[in-house]
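Protein chains: 4
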Amino acid sequence: MKTVFSLVLALCLFSAPLALAQAPGAKGLMLPGDMTSELADVAIDAAIKKAQEQGTLMNIAVVDAGGNLKAFHRMDGSFLASIDLAIKKAYTARSLNMPTTTLAEASNQPGAELYGIEVTNGGMVIFGGGELIKDKDGTIIGAIGASGSSVANDVAVAKAGAEAVLKAFK
Amino acid sequence: MKTVFSLVLALCLFSAPLALAQAPGAKGLMLPGDMTSELADVAIDAAIKKAQEQGTLMNIAVVDAGGNLKAFHRMDGSFLASIDLAIKKAYTARSLNMPTTTLAEASNQPGAELYGIEVTNGGMVIFGGGELIKDKDGTIIGAIGASGSSVANDVAVAKAGAEAVLKAFK
Amino acid sequence: MKTVFSLVLALCLFSAPLALAQAPGAKGLMLPGDMTSELADVAIDAAIKKAQEQGTLMNIAVVDAGGNLKAFHRMDGSFLASIDLAIKKAYTARSLNMPTTTLAEASNQPGAELYGIEVTNGGMVIFGGGELIKDKDGTIIGAIGASGSSVANDVAVAKAGAEAVLKAFK
Amino acid sequence: MKTVFSLVLALCLFSAPLALAQAPGAKGLMLPGDMTSELADVAIDAAIKKAQEQGTLMNIAVVDAGGNLKAFHRMDGSFLASIDLAIKKAYTARSLNMPTTTLAEASNQPGAELYGIEVTNGGMVIFGGGELIKDKDGTIIGAIGASGSSVANDVAVAKAGAEAVLKAFK
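If you read the protein sequences in the order shown, they are chains A, B, C and D. Taking the working numbering, the leading residue of the first sequence gets 1, the next gets one more, and so forth. Taking the working numbering, the leading residue of the second sequence gets 1001, the next gets one more, and so forth. Taking the working numbering, the leading residue of the third sequence gets 2001, the next gets one more, and so forth. Taking the working numbering, the leading residue of the fourth sequence gets 3001, the next gets one more, and so forth.
No wet-lab data here; the hints were simulated from the structure. Fair warning: this is a prediction, and the values are worked out from it, not measured in the lab. For every residue, glycine included, the Cβ atom is placed at its ideal position computed from N, Cα and C. Treat the hints with caution; some may be incorrect.
[Said to hold, decoys possible] Far from chain B, by Cβ distances over 10 Å, these chain D residues were calculated:
id, residue
1, E3053
2, Q3054
3, F3127
4, K3170
[As the list claims (entries may be wrong)] Covered stretches of chain C, as calculated for chain B (at least 3 residues, CB under 8 Å):
id, region
5, 2030-2037
6, 2061-2070
7, 2073-2079
Build out the structure end to end from the sequences listed, making use of the hints.
This is the structure we're talking about:
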């Protein structure tokens, strides 16, 4: 990954903040300000670092502002089921513009306002571990999903990824 | 099946434990240590024997370490719905590295930590009857799913299959 | 499997042909004359024996008269894609009451009578390797699908399984 | 990613080849010899480097020996359709133990031996860009799929990823 980004870095050093730089050739093909490869890697690396501190094994997925998969990583030995869970957590967060913990409160009890929503959209995840990724202006540019341990651990890992992106803008 | 395995037996008798022997020709095409045809049959035969002792009619599925179907058997008169249930129980167990009874506790009540997980991964089974299959070193090499009677009976049948594999290593 | 069938054998020896014997407890739950566990194993064992003679690695699936999976076996090292292919070949054959080689002729060329049929039924297989299984009176009691090598080899393996069932009635 | 692997490196430097090292905590949860996080990143980084040399924008997916997604990366500005294409190319290659270019020859003409195979397994890709990943002994440990440009470019990118893994073992 270093090769990719040192090139990007060289091109952008004097004209744009690092975290916003799209790869050469992408102009006109993606929205300005959308999730970049650089930012997706920042999020995944920070999430993995957090998982290592926890001693957990995670699947981590990042989607862009369009809700489409941008990057994914499955740590050695982590759950196979979490491939789909991590991707769906990221999609669920972005597609409802809220962390999946917030969705859980609105959907995981009979009679709750959105009870049953999980069967739509090809399967949504209604427990924690999906977090929004925003830029420095608060615009949603994607989301991150983490799956592999308790919900509390998954949430912490996803948040670590999202926060690292925010820091990359500063 | 006897023909297959007597050949395997003849080739392996003096060089490797019976239960680990991959069929001739499989070298390089499957990882060493993964579920073999022999072991899958050991699991299914022991599961059927247990079902007969119970007087139940079962569907039994065995998946390998990658969660892919290795062998399946539907006893005469057993539920058609249990074809999919047995296969999904085996996949669910392996994909979360836990018996589906453990998953049930975490997911089968509104508000439970993983409530709603069953709609992911193309449909997971969140009640008992899926058990991990391990080798003599404790490495997960697959899983077995049983479906056809009460959950308690399904669990006992799946466990009988998994335990028979463990014994085959000794 | 020997344990299962010696019991069945003991019960049925003086009252019914071996190959037709349903397992105890199945009465009223499946149609008389439908594919039994015994026959499914006869088909799979014969198919595996043929594959070994060929030096090929096969996935073999048997469905009953209702087109529902009865038994499945994946030989060590055989294709993962052939899990689905073998099951779909068996289903395709039974659901159209013809070998999949016959279907191929009617569907695998633009303008052919059934061109495009493969996208129906959740995906049909329009090349050889699915064969009907009949009883001694010519009644279709299921089908067998084989996948793992050239189409010619797949067809030979599936035929070996179907023919072994026919012999079991005699 | 550097943080993860420097830890792995420190643990394994004197006991095992770098490229084979599984992350701490994975023992018993994945088969020895299966695709690691390290190797998946080696493949993706080499594939991206090749795409940059070509001036193309690629989606790159890596699956393990069981055909399950291990890592994924979408370059800025690359096709959204290629998310699914890259993942399916990798799965198709592993599930048939051949590059998808080889499958193309057998399936992309009416009347070809495997014509119609693309509708099975939830959708297979029958053109180039999926390549097997092998270890130093020739054992298949996964596959890589690349999608984003002409088939020739996709193939070259996928091959660059697979070859980089092989070099990592030496």
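* To do: Any hints from earlier that this structure breaks? Give me their numbers in increasing order, please.
  => Violated: none.
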